[in-house]
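Engineer: These protein sequence lines map, in sequence, to chains S and G. Read left to right, the first sequence gives residues 0 to 232 (numbering that gives the first Met the number 0). Read left to right, the second sequence gives residues 0 to 314 (numbering that gives the first Met the number 0).
Heads up, a few of these hints could be off.
[Unchecked claim] Quick list of simulated restraints, FRET-style, between CB atoms:
#1 G/E42 <-> S/L212: 34 to 40 Å
#2 S/A154 <-> G/Q219: 31 to 37 Å
#3 G/A130 <-> S/P40: 42 to 48 Å
[Unchecked claim] Residues from chain G shown here face chain S by an in silico Cβ test under 10 Å; the list is partial:
#4 T60
#5 G64
#6 D66
#7 A130
#8 Q133
#9 Q156
#10 H285
#11 H305
#12 L307
#13 Q308
#14 L310
[As the list claims (entries may be wrong)] So the derived list for chain S, only partly shown, Cβ under 8 Å to chain G, looks like this:
#15 E36
#16 G48
#17 T145
#18 V149
#19 R150
#20 L208
#21 R229
Quick caveat, the hints were computed from the structure, so don't treat them as lab data. Every residue gets a Cβ at the ideal spot worked out from N, C-alpha and C, and that includes glycine.
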Amino acid sequence: MPALGILNVSDLSTYAVEDFIPIDREVFFRLFERQNEFAWPFHLLALGGMVFVFVQVYRQQFRFIPALLAVALVVVGYSFHLRLFSELSWTANYFAAIYFFLAGLLLLTEALCWNKWPGKVDSISPLRCNFGMGLSLFGGVFYPLTVAFVRDSIAGSEFFSITPDATMLFVMGVLFMLPVIHRGLFVLPFLWCVISGIIWYGLDWYPGLVLWLLAGVSCAFGLWTMLRHRESS
Amino acid sequence: MHRRQFLQYCTVQTLASVAMSGVPVAGIAAQVNANTSQYLQKEIPSSGEKLNVIGMGTWQTFNVGSDEKLRLSRTKILRTFFTSGGQMIDSSPMYGSSQSVVGDGLQQLHHPKSLFAADKIWTSDGDATAADMQESLSHWQLEKFHLLQVHNLVNWQAHLPRLQALKEQGKVKYIGVTTSHGRRHDELEKIMKSHAIDFVQLTYNMTHREAESRLLPLAQEKGIAVIANRPFDGGYLVDRLKRSSEAIPDWARDLGCKNWPQFLLKYIVSHPAITCAIPATSKVVHMKENMGALVGAIPTEEQRKHMLQYLLALV
Ligand SMILES: NC(=O)c1ccc[n+]([C@@H]2O[C@H](COP(=O)([O-])OP(=O)(O)OC[C@H]3O[C@@H](n4cnc5c(N)ncnc54)[C@H](OP(=O)(O)O)[C@@H]3O)[C@@H](O)[C@H]2O)c1
Chain S
0 MPALGILNVS DLSTYAVEDF IPIDREVFFR LFERQNEFAW PFHLLALGGM VFVFVQVYRQ
60 QFRFIPALLA VALVVVGYSF HLRLFSELSW TANYFAAIYF FLAGLLLLTE ALCWNKWPGK
120 VDSISPLRCN FGMGLSLFGG VFYPLTVAFV RDSIAGSEFF SITPDATMLF VMGVLFMLPV
180 IHRGLFVLPF LWCVISGIIW YGLDWYPGLV LWLLAGVSCA FGLWTMLRHR ESS
Chain G
0 MHRRQFLQYC TVQTLASVAM SGVPVAGIAA QVNANTSQYL QKEIPSSGEK LNVIGMGTWQ
60 TFNVGSDEKL RLSRTKILRT FFTSGGQMID SSPMYGSSQS VVGDGLQQLH HPKSLFAADK
120 IWTSDGDATA ADMQESLSHW QLEKFHLLQV HNLVNWQAHL PRLQALKEQG KVKYIGVTTS
180 HGRRHDELEK IMKSHAIDFV QLTYNMTHRE AESRLLPLAQ EKGIAVIANR PFDGGYLVDR
240 LKRSSEAIPD WARDLGCKNW PQFLLKYIVS HPAITCAIPA TSKVVHMKEN MGALVGAIPT
300 EEQRKHMLQY LLALV
């Protein structure tokens, strides 16, 4: 894997985003098609996973949710980033690391909170829960449908636990719905949304910029709830 | 257009269209070894070897990974390239899977004899020059590159002496350095003045002509061949012209330009210092357009001025 050090820092201002994206847009979309072909019918299991998460959140039973999200992240990190995307760009190895690292943190959270979750935990505000629900529904349902609609192809769309953006948006949404989640955990989904938005921008596919929008809105919402919490306590 | 040129042009077009008419990929070795002398050529100053003036790049366009469907489509592009007189293919370890996609395509085409393989050293590790070359060779499925360049001047101080040694050992024919987007021209100039290199690769197109002031005259003076990268400004320029309602002017047709890509390429390769331009494409139809610039007349100094004026008024 080449080091980032091969870039001459003084030249950075002369680079455009697309200079760091060694792929054509159609080739990138083909990755989604190939990933979907490879994964089918795992999509059904992933759908079951999403339903399980929502049911568990509704029942205030949070055990297993972080572990399930971690599995989804590892599946995408390996099967999309390392298996497919890294053939096209060495940066995918770093992207996979983001997914694996977040998965590790979620497993740690699962382990540390194991005894807290069945008992009484400070419940989170309905607003935060609704926000998280909206974001995860967007990532798990509306984003895949939007991509399929815009591209006129369901085969090349994004899905939870299959492709990167849908997975990360769903994970980020669920994190908002979980109590006792360390704020630091939001950094990696935020980072991914920024990176992915840069990729879509470099590929001139502007619907993908919704990731920047959602990253910004999530960040603003997170800060706002934090400040509100501080003021009231 | 003179009658002789016109006849030559017709012959080339006929040959090319026969060879391109949907022959299956396998078993086309005979057709892909086109007679390259019918095309516009320039000399590589350090050797006198002649090279057809339109080659091809592989940045983005050939990075398709292990996708069989896309690999096959890239092999078709390579076939079009060779059947229409292409020689130089430029790639780099930086371009993801492009090297191995080219290597795969070359194997499918039974390694066309006319290939001029140009690759790059792209590592900051100054001791890894030979290892980097070997790895690239294995992707291309070749034993030797014609040209090895230090990509974007990355640690050129360490790589150039090692490339020189590889050249002396007969492991590579020509050596050089590359840059693009007008970056680090001062440093490039120093290298051209102080090192015995055969090639430089830099960005030169109708809207980015910074190299004209110092680098191109220096290349002529030092006898260094010049490869023009980003001939379409990364696609932006050709896209803009094709989307505009403007057709190419009639007088440009007399130069053998049938479309905007050919107009842009002919301008570039008609600069006396430029040896070859390397447009990249992922489409057979675009490759056919680009390779059309290999035939017909080469614009004179006067005609170049006219071409530039015309284009700058449009963009
Ligand atoms: N530092 C370096 O060493 C360096 C830096 C830059 C480039 N390079 C080399 O130079 C090569 C060329 O530069 P580049 O690829 O950046 O840019 P380019 O050749 O100026 O433009 C490539 C773009 O032009 C489009 N195109 C090609 N032929 C066309 C046609 N007939 N009609 C319409 N569009 C057409 C292609 O799209 P389609 O796929 O749709 O045809 C592609 O997007 C590179 O591939 C690389 O090998 C080297």
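Engineer: Hints first: check each against the structure and report whether it holds.
Structural biologist: How the hints compare with the structure:
no.: 1; hint: G/E42 <-> S/L212: 34 to 40 Å; in the structure: 55 Å, violated
no.: 2; hint: S/A154 <-> G/Q219: 31 to 37 Å; in the structure: 53 Å, violated
no.: 3; hint: G/A130 <-> S/P40: 42 to 48 Å; in the structure: 44 Å, holds
no.: 4; hint: T60; in the structure: 6 Å, holds
no.: 5; hint: G64; in the structure: 4 Å, holds
no.: 6; hint: D66; in the structure: 6 Å, holds
no.: 7; hint: A130; in the structure: 13 Å, violated
no.: 8; hint: Q133; in the structure: 16 Å, violated
no.: 9; hint: Q156; in the structure: 13 Å, violated
no.: 10; hint: H285; in the structure: 12 Å, violated
no.: 11; hint: H305; in the structure: 31 Å, violated
no.: 12; hint: L307; in the structure: 24 Å, violated
no.: 13; hint: Q308; in the structure: 28 Å, violated
no.: 14; hint: L310; in the structure: 22 Å, violated
no.: 15; hint: E36; in the structure: 11 Å, violated
no.: 16; hint: G48; in the structure: 28 Å, violated
no.: 17; hint: T145; in the structure: 25 Å, violated
no.: 18; hint: V149; in the structure: 21 Å, violated
no.: 19; hint: R150; in the structure: 17 Å, violated
no.: 20; hint: L208; in the structure: 20 Å, violated
no.: 21; hint: R229; in the structure: 47 Å, violated
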